[in-house]
Every structure is written in structure tokens, then in C-alpha cells.
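Let the sequences and hints guide you as you build the complete structure.
Protein sequence lines correspond, in order, to chains A and B.
According to the working numbering, the residues represented by the first sequence are 1 to 114, in order.
According to the working numbering, the residues represented by the second sequence are 115 to 225, in order.
All clues stand as given, with none of them false.
Here are the simulated lysine-lysine pairs, BS3-like style, with alpha carbons at most 27 Å apart: (1) Lys116/B x Lys41/A; (2) Lys14/A x Lys66/A; (3) Lys156/B x Lys14/A; (4) Lys66/A x Lys41/A; (5) Lys156/B x Lys97/A; (6) Lys181/B x Lys206/B; (7) Lys156/B x Lys20/A; (8) Lys181/B x Lys116/B; (9) Lys66/A x Lys156/B; (10) Lys20/A x Lys64/A.
Everything labelled a hint here was simulated from the structure, so no lab data went into it.
These numbers come from a predicted model, not from an experiment.
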Amino acid sequence: GAVVSQHPSWVICKSGTSVKIECRSLDFQATTMFWYRQFPKQSLMLMATSNEGSKATYEQGVEKDKFLINHASLTLSTLTVTSAHPEDSSFYICSAKSGASEAFFGQGTRLTVV
Amino acid sequence: QKEVEQNSGPLSVPEGAIASLNCTYSDRGSQSFFWYRQYSGKSPELIMSIYSNGDKEDGRFTAQLNKASQYVSLLIRDSQPSDSATYLCAVKRNAGNMLTFGGGTRLMVKP
Numbered sequence: 001g002a003v004v005s006q007h008p009s010w011v012i013c014k015s016g017t018s019v020k021i022e023c024r025s026l027d028f029q030a031t032t033m034f035w036y037r038q039f040p041k042q043s044l045m046l047m048a049t050s051n052e053g054s055k056a057t058y059e060q061g062v063e064k065d066k067f068l069i070n071h072a073s074l075t076l077s078t079l080t081v082t083s084a085h086p087e088d089s090s091f092y093i094c095s096a097k098s099g100a101s102e103a104f105f106g107q108g109t110r111l112t113v114v
Numbered sequence: 115q116k117e118v119e120q121n122s123g124p125l126s127v128p129e130g131a132i133a134s135l136n137c138t139y140s141d142r143g144s145q146s147f148f149w150y151r152q153y154s155g156k157s158p159e160l161i162m163s164i165y166s167n168g169d170k171e172d173g174r175f176t177a178q179l180n181k182a183s184q185y186v187s188l189l190i191r192d193s194q195p196s197d198s199a200t201y202l203c204a205v206k207r208n209a210g211n212m213l214t215f216g217g218g219t220r221l222m223v224k225p
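Now the structure itself:
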């Protein structure tokens with residue numbers, strides 16, 4: 001299957017700082033990327049959907065000013081958690097797809113805010 | 115009612131047995147159905163997809179879909195301890211890109 005690389009795999013940051021997570025499609029052009037968040041022992045919750053070159057569509061309850069998504073190219077989307085707080089600590093996972101193909105997941109990023 | 119429902123488990127089966135995982139969904143317009151396996155601390159990996167009623171087999175895995183009953187299942191034959199993981203059912207609506215995930219079922223295969 002296609003390869004989606006997510007970086008970093010884990011990050012610890014201080015409360016109040018911002019963290020950027022990258023999601024790259026390595027061997028295909030990702031027209032759509034999805035960002036999920038997963039709290040311990042819970043399922044994946046979709047945060048937002050981004051299409052290359054356009055603004056992301058956020059799910060209800062997700063603050064777009066706090067979770068900044070940029071999908072500037074067909075191979076890269078970034079999620080920036082601004083002014084992170086301990087309650088933002090979670091496992092963030094991206095997935096990417098090209099056209100009507102199935103989506104492939106990145107490895108995930110474990111964010112811990114202290 | 116949740117859009118995609120799964121029993122959270124844990125489902126415990128002995129090694130070599132058949133593990134049966136079930137999922138129901140509420141949107142009758144759903145067209146695509148997926149089973150993902152997620153090991154603790156890791157990202158989900160796709161193990162099966164099914165689009166039409168009936169059974170689809172791939173190795174030790176069989177997915178079963180019944181759209182009339184809005185039910186999709188995953189059977190794992192000859193279960194191995196390495197199959198111990200959380201299995202996520204996901205459903206894609208008729209139109210659009212979005213996958214909706216169930217809460218996952220934790221499977222434990224005991225040696």
C-alpha cells in the first residue's frame with residue numbers, strides 16, 4: 001500500500017507553546033488528508049478534512065483557531081496545535097488519500113503537554 | 115445511537131480458535147466497510163475492506179456484510195497471540211470522503 005509518513009512520532013511540550021505535526025504522502029499525491037485524535041482507550045475522532053489548496057473543514061467542536069491545518073501541497077499537510085494545554089495531550093493521526101482511492105494512515109504522533 | 119457500534123470487549127479467545135468481531139451501523143446509505151487493526155500505541159492498519167453483501171476472504175480473515183441488517187463482521191480463523199489488538203470497524207457514507215469509526219473491540223488471544 002501507499003506510504004504516509006508522520007513526524008514527529010512523539011513530542012513533549014510545555015503548556016502554552018505550539019507544536020507542529022507533519023503528514024507526508026511519500027509515493028502518491030494526496031488530494032485529501034484527514035486529521036484524527038485518539039484519547040486513551042477511545043476510538044479515532046475526526047478533527048478535520050483538508051483538500052490541497054483549500055481551507056480545512058473542521059468537525060463540530062474542534063476549534064479551528066487552536067488546531068491550524070495547512071495543506072499547501074499534494075504531499076504535505078501540517079497540523080499545528082497552538083497554545084497547547086495538558087488536555088490536548090493525545091494521539092494525533094493523519095491519513096491521506098488520492099482521488100477515490102482508500103486512505104492510508106500515518107504512524108501517529110503522541111503529544112504530551114506538561 | 116452511535117453511527118457505528120462495536121462491543122468494546124475484551125473478547126478473549128484461546129489460540130487456534132475463531133474470533134468473531136461484530137459491527138452495526140446506522141446509515142443505510144453506507145457503501146464501503148473496513149476493518150482496521152490497531153496495536154496499542156500504534157496507528158490503525160487496514161486489514162479488510164468489503165463493499166457488497168456476502169463474504170470476503172483473505173487468508174485467515176473473512177469479512178461478512180449484510181446491508182439489510184446493517185451489520186458487518188470479521189472472523190479470524192486460527193487466532194494467534196499476535197492477533198491481540200483492538201479492531202476498528204469503519205464505514206464510509208455514500209458520498210464524500212469521510213470514514214466513521216466504531217469504538218473498537220479489544221481482542222485477546224491467549225496462548
